[in-house]
Structures are given as C-alpha cells and as structure tokens.
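K.L.:
In case you want the letters, here they are:
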Amino acid sequence: AQSVTQPDIHITVSEGASLELRCNYSYGATPYLFWYVQSPGQGLQLLLKYFSGDTLVQGIKGFEAEFKRSQSSFNLRKPSVHWSDAAEYFCAVGALDGAGNMLTFGGGTRLMVKP
Amino acid sequence: GAVVSQHPSWVICKSGTSVKIECRSLDFQATTMFWYRQFPKQSLMLMATSNEGSKATYEQGVEKDKFLINHASLTLSTLTVTSAHPEDSSFYICSACRAGLNEQFFGPGTRLTVL
Chain A
18 AQSVTQPDIH ITVSEGASLE LRCNYSYGAT PYLFWYVQSP GQGLQLLLKY
68 FSGDTLVQGI KGFEAEFKRS QSSFNLRKPS VHWSDAAEYF CAVGALDGAG
118 NMLTFGGGTR LMVKP
Chain B
-15 GAVVSQHPSW VICKSGTSVK IECRSLDFQA TTMFWYRQFP KQSLMLMATS
35 NEGSKATYEQ GVEKDKFLIN HASLTLSTLT VTSAHPEDSS FYICSACRAG
85 LNEQFFGPGT RLTVL
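Sequence order for the protein chains is A and B. The first sequence begins at 18 in this note's numbering and counts up one residue at a time. The second sequence begins at -15 in this note's numbering and counts up one residue at a time.
These are computed hints drawn from the structure, not numbers from a lab. Treat the hints loosely; a few may be bogus.
[Claimed, not checked] Residues from chain B shown here face chain A by an in silico Cβ test under 10 Å; the list is partial:
no., residue
1, 25
2, 75
3, 77
4, 88
[Unchecked claim] A few chain A positions that, by computed beta-carbon distances, are all more than 10 Å from chain B:
no., residue
5, 60
6, 76
7, 79
8, 83
9, 87
10, 89
11, 98
12, 120
13, 127
[What the hints assert, rightly or not] The calculated lysine-lysine pairs, modelled on DSSO-like cross-linking and capped at a C-alpha distance of 30 Å, are:
no., chain 1, residue 1, chain 2, residue 2
14, B, -2, B, 25
15, B, 25, A, 85
16, A, 131, B, 25
17, B, 50, B, 4
18, B, -2, B, 50
19, A, 85, A, 66
20, B, 25, B, 48
21, A, 66, B, 25
22, B, 50, B, 39
23, B, 25, A, 78
24, B, 39, B, 4
25, B, 4, B, 25
A virtual CB, placed ideally from N, CA and C, is assigned to each residue, including glycine.
Please model the complete structure; the sequences and the hints are all you need to start from.
P.N.:
Written out as structure tokens, the structure reads:
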C-alpha cells in the first residue's frame, strides 16, 4: 500500500522569501504524484502533477515540484511567496487499481506568510 | 473542463435526521467517484469509492449503513448520512475520475454540522 509523509505540519515564511514543502512517498511502482492547495472551508485545487517524463514539473501560481526517485520525494517549491499563498498544502500519491485512480494524501502542511 | 460541484455547500441539521449530499460532474462523465471526509486541521480520509451502477466500496471502519452512497448515473453520486449525530459533523468532499485520465477532480466540499 502507498503512503505519503509531509514532515512539516506548519511552516512560516516571510512574504517574498522562497518556499519548499517536503513530501516523501512510499509506493512499489512508478507513482502518480500531486500537490493540492486548500484554503479554509474550500475544496482542493490542483497545483501540479507528475505522471512521467521531465522530473521538474511546473504548476500554477508559480509553483514547481521535483520528482526524485532515489529519495522518494516530490518537494514543492516557490521562489517568492505571496501573502495569498497562505493555505494548507497536501501532497498525494495515486495508484491505479480496478476502481480507478486511488489517492493517498499526506497529512498536510499549513503555510503561514508573515508580512 | 472537468468541473465537479457539490450541493449543498453547507448544511445544519438536528441530531437523528438524514442528510443527502450531491456530487455532480458538470462537463464530463465520471466513471468513478470518491467520497472523502476531512476533520478540522486534518487531511482527507477516503470513505468510499463508487462506480456507476454498482455498489460502493467502503474503506475499513466506514459504516456503509450510516453513509449510504448511490451512483445512479455517470454524472451524479449522492452521499446520505443517515440518523446523523454530532460526531458526524465534518467537511465532506467528493471527487470524480474521467475515463482514461489518471486524475481526480475535486468538488468544493460540503460542511455538515449536526446539532
């Protein structure tokens, strides 16, 4: 069974600073990897995804993530954080089975942005 | 494309009543739909997977008589919380898969409060 670990429960960064959110996964085959963002009381918005190919993936809102198979990681980065980026971020790994694409979510990282 | 809606966005009900939540794929046919539950400041927990025209598959620990799932068409799945109690208060999120795509599209969520 697959699993996802987001080691940082909370992260606080200053506006304009760079950001890296960590994600480690466990899965026996090549994973499908996702990063989602959730604002309070809202659903999930897909930031980016990795299925295959180039291991550096560009997403929306200036985010990118790099798949490193050797480290079983898919860390999310942004060079300059904006106050509007404050939210909860979830990493997820997907696996195909008979029912379709099953997602397993990490515990989430809450990002706070200081002015 | 790939828009998923949920109705209602929020609902308050008395203990002992039943509540139905709808999940619709607006611009695509969803071969599989998923229902998640999210407690405050926690990650998403998969409750069940439903395929159109067949019985839902529930995750371990989820009471299928308590959380009735119906996937009557390729664009609609419903979750009915029967005889709701305060401990059922939560944020319920659905997602839908489109045939041939290894990605889930998420609804905006439904906040259920049971008094």
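K.L.:
Compare the structure with each hint and give your call.
P.N.:
Hints, verified against the model:
1. Nearest Cβ of chain A to the Cβ of residue 25/B: about 8 Å, under the 10 Å cut. The hint holds.
2. The beta carbon of residue 75/B comes within 8 Å of a beta carbon in chain A, closer than 10 Å, and the hint placing it at the interface holds.
3. The interface hint given for residue 77/B is met, as the beta carbon of that residue sits about 6 Å from the closest beta carbon of chain A, less than 10 Å.
4. Interface hint at residue 88/B: satisfied, since its Cβ lies 6 Å from the closest Cβ of chain A, which is below the 10 Å cut-off.
5. Residue-level check failed: residue 60/A sits 4 Å from the nearest beta carbon of chain B, not beyond 10 Å.
6. Every Cβ of chain B is farther than 10 Å from the Cβ of residue 76/A; the closest lies at roughly 13 Å, confirming the non-interface assignment.
7. Distance check on residue 79/A: its Cβ is at least 21 Å (rounded) from any Cβ of chain B, clearing the 10 Å threshold; non-interface status holds.
8. For residue 83/A, the condition that its CB be more than 10 Å from all CB atoms of chain B holds, with the nearest at approximately 20 Å.
9. With a closest Cβ-Cβ approach of about 23 Å to chain B, residue 87/A is found to remain outside the 10 Å limit, as its non-interface label requires.
10. Every beta carbon of chain B lies more than 10 Å from that of residue 89/A, the smallest distance being close to 19 Å; the non-interface claim holds.
11. For residue 98/A, the shortest C-beta to C-beta distance to chain B comes to about 21 Å, beyond the 10 Å cut-off, and the non-interface label holds.
12. The claim that residue 120/A lies off the interface is violated: its Cβ sits roughly 6 Å from the closest Cβ of chain B, which falls inside the 10 Å cut-off.
13. Against chain B, the non-interface label of residue 127/A is violated: not every CB pair exceeds 10 Å, the least being about 8 Å.
14. For the hint pairing residue -2/B with residue 25/B, the CA-to-CA distance comes to about 24 Å; that is within 30 Å, so the pair holds.
15. This hinted pair checks out: residue 25/B and residue 85/A have alpha carbons roughly 28 Å apart, not beyond 30 Å.
16. Note on residue 131/A and residue 25/B: the hinted pairing holds, with a Cα-Cα distance of about 20 Å set against a maximum of 30 Å.
17. A C-alpha spacing of about 12 Å is found between residue 50/B and residue 4/B, which places the hinted pair at or below 30 Å, so the restraint holds.
18. Distance hint between residue -2/B and residue 50/B is fulfilled; the C-alpha atoms sit about 16 Å from each other, no more than 30 Å.
19. Only pairs whose Cα atoms come within 30 Å are accepted, and residue 85/A paired with residue 66/A is accepted, the gap being roughly 14 Å.
20. Only pairs whose Cα atoms come within 30 Å are accepted, and residue 25/B paired with residue 48/B is accepted, the gap being roughly 25 Å.
21. With a CA separation close to 23 Å, the supplied pair residue 66/A and residue 25/B stays within the 30 Å bound.
22. In summary, the hint linking residue 50/B to residue 39/B is supported, as the alpha carbons are separated by about 15 Å, within the 30 Å threshold.
23. Among the hinted pairs, residue 25/B with residue 78/A is consistent with the structure: their alpha-carbon atoms are about 23 Å apart, no more than 30 Å.
24. A C-alpha spacing of about 17 Å is found between residue 39/B and residue 4/B, which places the hinted pair at or below 30 Å, so the restraint holds.
25. Taking the CA atoms of residue 4/B and residue 25/B, the gap is near 24 Å; set against the 30 Å cutoff, the hint holds.
In the structure shown, a violation is registered for the earlier hints numbered 5, 12 and 13, in ascending order.
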